[in-house]
Structure formats: C-alpha cells, structure tokens
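Full structure from sequences and hints, please.
Residue numbers (our numbering), protein chains in the order written: chain A, 1 to 303; chain B, 1 to 243; chain C, 1 to 230.
Since the hints were made in silico from the structure, they are not lab data.
None of these values were measured; they are calculated from a predicted model.
Using N, Cα and C, we set each Cβ at its ideal position, and we do this for glycine too.
Any given hint could be a false lead.
To be verified - Only pairs whose alpha carbons sit at most 25 Å apart, straight line, appear in this in silico DMTMM-like list of lysine to aspartate or glutamate:
(1) 101(B) to 145(A)
(2) 137(A) to 194(C)
(3) 243(A) to 115(A)
(4) 140(A) to 90(B)
(5) 57(A) to 6(C)
(6) 85(A) to 54(A)
(7) 237(A) to 12(B)
(8) 136(A) to 194(C)
(9) 136(A) to 216(A)
(10) 150(A) to 23(B)
(11) 213(A) to 194(C)
(12) 303(A) to 202(A)
(13) 136(A) to 6(C)
(14) 213(A) to 23(B)
(15) 150(A) to 54(A)
(16) 101(B) to 216(A)
(17) 136(A) to 90(B)
(18) 244(A) to 223(A)
(19) 118(A) to 12(B)
(20) 255(A) to 216(A)
Said to hold, decoys possible - Cβ-to-Cβ under 7 Å is the rule here; a few derived chain C residues that face chain A:
(21) 82
(22) 91
(23) 94
Residue-level listing of the chains:
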Amino acid sequence: MKHRHIIGCLLAGALCATPAMAQELTGTLKNIKDTGAITLGFRDSSIPFSYLDDSQKPVGYAMDICYKIVDAVKKELKLDKLEVKLNPVTSSTRIPLLANGTIDLECGSTTNNAERQKQIAYTNTHFLTASRYVSKKSSKINSIDDLKGKAVVSTSGTTNIKQLTEANAEKKLGANIIPAKDHAEAFLMVETDRAVAFVMDDILLASLVAGSKAPDDYVISKDAFSKPEPYGIMLRKDDPAFKKVVDAATSALYKGGEGQKIYDKWFTQKIPPKGLNLNSPMSAELKNQYAKPSDSPDPDAYK
Amino acid sequence: MNYNWNWSIFFEPAPGGTGTYFDMLLSGLWLTIQTGIFAWIIALIFGSIVGVLRTLPSKTAYWIGFAWVEFFRNMPLLVQLFLWFFVLPELLPRSWGLWLKQMPNAPFYTAAIGVGLFMSARVAVQLAAGIASLPRGQKQAATALGLTTFQGYRYVLLPIAFRIIMPPLTSEFLNTIKNTAVAITIGLIELTGQARSMQEFSFQVFEAFTAATVMYLLINIVVVTGMRFLERSLAIPGYITGK
Amino acid sequence: MFASFDFDVIRRSLGYLFLDGMAFTLTLTALSALGGIIFGTLIALMRLSGFKVLGRIAGLYVDFMRSLPLVLVIFWFYFLVPYLGQWLTGASRPISVGAFTSALVTFIMFEAAYFSEIMRAGIQSISKGQPAAANALGMTYAQTMRYVVLPQAFRNMLPVLLTQTIVLFQDTSLVYVLSMPDFLGAASKVAQRDGRLVEMYLFAAVVYFTISCVASFGVRRLQARISIVR
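Rendered as structure tokens:
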C-alpha cells in the first residue's frame, strides 16, 4: 500500500508539473490522442528485454516497462481506449524508424550514449551492461588480442560493433568483422563456426548461451570492450511533453516496488519460451539507479 | 522535413580508423564491382554451357539444362544464398564444412558463386533463345563443312548468338551487380552494406543512401556506355546488329 | 546424413509459417502486383503520350528504379515513406506508417518500373490502325485507351505480367532485412529460436520452389492457350 501512495504522489506531482490538458497538446502526445494508437518497436531476439515467445508475440522486461508507460500515457490523455501497435525493429533500423515516426517508443536493449542523444532521447535507464564477447571454449580465445586475424561477428547498428571496429583499428587486430542482422543470427554464426566470437552486451550473451543447444560449450570473456553502459527506452528528441510523461511513469515504476517485481520476473525466474532462468539478481549499480532514476548517458554516473 | 541534413558528413572520419565515410563507401563500391564481375564470369560460364545443352538434339542434355534453369529460377536469391551459406556446410562431412566456414572472405565467395549460379539460369535462357533464333541453315552449313558439333558451336553458332543477345546480356550484367546487394544478409559489406553501416555510425540515413544511389547510377551509366561501345565494335556489317 | 536433424520443428511451426508468414507474403505479392500494374500502366501511358516532358519524366523514373538494387530501395522507402506522407498531407510531423504499408509502397513503386516496360510493349503491339479507327469513331483519348487499346495490351501481355508477378513473389522475401514476418522471416525466426536453421531453410526453399514452379507451369499453359487464339 505504501508504494501505491508513492506512485500516486508522483503521478499527481507529474500532473501538476505539466498542466498538459490545459495547454494545446503537441508532438507525440497529440499524435497519440489524434490516432488513438501508440506504436511500440520491439526486437526479435534481445532476450530477456524484448523478444518473441513461442507464439511469436513480443515479450520481455523492456516490453513490460513499455506497457506501463502506455498505461500512464492513456491516463495522462484521459483516453478510454488506447490501441497498442507493434512494429519489429532491428539494431540498424530502430533509430531511423523512431525519427521518422514509424514507432513512438523503442522497447529493447538500446545503449544510451551521448552521441545517440544528439539524435533521439532516452527515458530513465532500465539496465546496465558491459560489452564483451562470447566464444566456444574449444577455440581458446582468452583475451581480446586472441581475436587477431579471426572472423568476429557483432550485430549491425549497435554500439558494440562500433567499439569492436574501433578496437580493431586501435590494437591493429586485423579481425574480419561480420555484421549480423540480429543477435540470434550473430550467435548462430559462432554456433556454426562461421565466426570465432560474438561481441555484444554481456547480459544478452548470457541469455543466448543459456538458451543454446549446448550452453557448456561457450565462455563469455572477462575482457570487456566498455564500462557497464546504461540501456534506455528510446523516444523522439525535442518532445519534452511526451518525455515528461514517460520519465514520470518509469521513475514511479522504479521507485515503487513494481519495477523490482518486473525485474525479478525476467531475470531471476523462469522465462518463456523454454523456461530458462537467467539467475541474475539486480546489481548494486542498477539498485542505485532504481532509487535515483536518471537518463544520463555517462557510465560513470551509475557508480 | 524535420531532418538534420549534414552533407559534410562524408569528409568526417569513420570509426574504422581507415579514413572518412566517403572512403568507406568507396571500399563498398569496389567490393560491389569485384563481386559483380566474379559472379558475372560464373554466370557466363555456366549459363553458356547450360544454354547450349538446351539446344542440343540429345534429350538428356535438354533435360539437364531444363532442370538447371528451373532449379535456380524458382527460388528467391536470398533463400539460395542462405542454402549455400548456412545449410551446405552442415550437410558436408564435418571437416569439409569447417574448412568452408572458416575460409577467409567466405561471404565474398558465397555471394559471388550464389549470385553467379542464380544469374546463370537467366543467361542460359537468353543464349538458348539466341541460338534458336538463328536460321537452321547455319547449323546445317557447319555440318556440311565437316565441322563437329563442338566446332559448329564454337566457330559458327555461338559467335553470332552472343552478338544477337548482347543487349539483354547487358541488362543481365547490371542485374548481377545489383543482386550482389542481397549478400548483405550473409555479411558481405558491399555498397549497400557500407551505406547501412554509415547510417548506423553517423545517423545520417538519407545522405548515406543518396551517395550509394548515385554510385549505383554511375555503375549503370558506365556499364551501359561500355556495352554499347562493345556492341558496335563487334557488330557484323550488314548482319543482325550491324547497321 | 539427416540423422541429427529434427524435421518435427517444421510440423510444430506450420501454423505460424503459413497462417502468418505465407499470408503476409501472398497478400504483399497480390497487392503489390495490382498496384504495380496500375501504376506501371500509367507510366507506360505517360511515356507513349507524345508529351515530351511527361515522357522524359516517366523514362527517367523507369531507368532510375531499374538501376538500383531492391535491397537499397527497401531501406530507402522504409525510412522515407513517413516523411513523404508528411509532405503529401501537409502534416506537422512524419506520418506513422506500419511495416506492411511501407513494404507495399516500396514494392508498388519499384515493380511499377518493370511492369511499365511490359505494358509499353503491350500497347505498342496494338496496330496503329486501331486507335486511329477509334479516333475516327469520335472516341476520346481516354475512351480509346480504356475500351480499345488497354484491354488488348493487357490480354496479350498477361503471361509476361504473371511471370513478373512470380519474380515479385520471390522478391518479397527481401523484407527479411527489415525483420518483417513474411514467410522467410517467419522461417528464420523459428530457425533461430530453435537452432534448426538447416531444416527451416531447406523447407523454405522447397516451399518457394514448389509455388514458383506450379505458378510458372500455369503461366506456360495459359500462354499456349492465348497464342492459339491469336
């Protein structure tokens, strides 16, 4: 009950802070009100953030957060009915599709960094993860330097492939970088020995390994290509009214107990489609972030 | 249009550390040309063999030619590339499959061979039609001169047939180059792939795609002009394409 | 050789593959062919209209589209269509366009270039005496096209139009690059989820092959019938 109060207060606060109904609606909120629909972008295989379950319906931690945001938007606009449309996105299409109005929120595993903030905006961070690589134990890749001259895959359009490209030039690795369409396809390249390693955020690697045919065959590197970086749900830039609603909704969610519940549902319990349990309780940094939600792109801000 | 245009993006350094975004696109253009030419050679070789098979009197030869064309024509190119890239190595003995998969530049060879075989079916159809359009007297004259079937094709039928089908072959060559773009799905970073990477790194979608578009148009103009020139220089005066 | 393969995965996902994936592919093919033929005919009429400027514009459009790889055009339109919608409707922000609509617009615009060349050949195959006779009867240009030229052109070109539609059917598989749930997209999603790509890709190949083969056989029979009538 206590949490309810907090949420209530926060929502009330948010409502007072934005006398939106009195003013003319603008941007995304106006669009949602006019069309009676909001479009969420989802991912194919960002387990457990946003992926397809057995009936090919998008589910996941980020999807649940987005549905909470949708509820808040519905309330804010005083709508009886709000249709939720779903649109598939890939790492390489998500930013242009958000910019061109195809989707209103991107619910996935998108790294929040300063460079991208020039293009789009993020709401409060929902996860922190570092960029590492997965390889087969049998290929004996012990450090980033062992990738010299090898075929390495990453998902196109991610910060990871950019970090890999930069490390490749900086350390003169001469690795052959293969871009894949999505995480599942990239992992498949390692599974079928097309590439020796897959560079990606460690949590996504862990989920892919856990869901694979032989999880014991793989090892995730200790070497990281980056500090733990924040994940955020993306929304269009320069739309303060919409961002305010979304920020208030996520902030209330994280500070209240409900966020923790959603987190536990996806990270410490069995998840569809195969009943996997990722067994990764919330890190201290993320707990901090939950207590003091922020959309900062700076990894050091989360220490 | 609320989009931030930035045309100077091409001169900014790309994250690869190897140069600007423009250099990135140029390397993609070069790979597109290389893949296209390699694929076209394969298409011409297999297309000629199969095209000839389809015109031989032997029933077996005809059927082999027919089956080849139907096989490569009735499946999307994307599916064919997936078959070569993902499925074939799994069906081979393990060590062969592994060798195939760990070959450097595997996407390049897979793309060139995959696109080449796909296009060979079209070349075969064009060539068979070209041979069929020749007056029957040509073949009979070759036989009467004591030429073997091989010689008849080599010295009489094929030289004329290829000249006849030059215009459709030009557009098939262009199709070959365009079709290499499908290989971004197996990790080949050719022109379309580099434009996509540039978009991902720089967020300048429309500049990247505009540049790629212009480059494809240039390829087109160069090939069409070159082939016209070739057509004219190969034309037999007073005959078919000659004026 | 297939001992370690699990072909049951196909049976388990049949519903999703056909009811969702194939339905998406076939709907996209049918609507794109329809739209492409209509738009293509308009382009062909522009080219043959006798107005130099119109003809030039139409010709440039056809050459332009035919110079570009479909994959690039798919990317272009997916990102561009909402802005075009904004420009056309005069809205203040880009129009939200769904994945399917976007793909549909792409294929109509792209295939129209190819369909227009077929229709142009069809229109040119009608002897000049016919429009002249229609004109003498007092028919307007629109009436001549509508009642005399186009029905014949369309009929003569039907086999070629259908063959191009089969190519279009195969081309729709390229929406895979946008993660859309067409037949191939559906197959690859199942393949990646269950780690069964050999089985799923082979199955997809067989399905595409069968449909295209049967369809082109049908077109050949139709062609034989039409050519007898002529």
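Hints versus structure:
no., hint, verdict
1, 101(B) to 145(A), "holds (22 Å)"
2, 137(A) to 194(C), "holds (22 Å)"
3, 243(A) to 115(A), "holds (19 Å)"
4, 140(A) to 90(B), "holds (23 Å)"
5, 57(A) to 6(C), "holds (24 Å)"
6, 85(A) to 54(A), "holds (19 Å)"
7, 237(A) to 12(B), "holds (24 Å)"
8, 136(A) to 194(C), "holds (19 Å)"
9, 136(A) to 216(A), "holds (9 Å)"
10, 150(A) to 23(B), "holds (23 Å)"
11, 213(A) to 194(C), "holds (8 Å)"
12, 303(A) to 202(A), "holds (18 Å)"
13, 136(A) to 6(C), "holds (23 Å)"
14, 213(A) to 23(B), "violated (41 Å)"
15, 150(A) to 54(A), "violated (35 Å)"
16, 101(B) to 216(A), "holds (22 Å)"
17, 136(A) to 90(B), "holds (18 Å)"
18, 244(A) to 223(A), "violated (38 Å)"
19, 118(A) to 12(B), "holds (17 Å)"
20, 255(A) to 216(A), "violated (37 Å)"
21, 82, "holds (4 Å)"
22, 91, "violated (9 Å)"
23, 94, "holds (3 Å)"
Hint check: violations occur at hints 14, 15, 18, 20 and 22; the rest are consistent with the structure.
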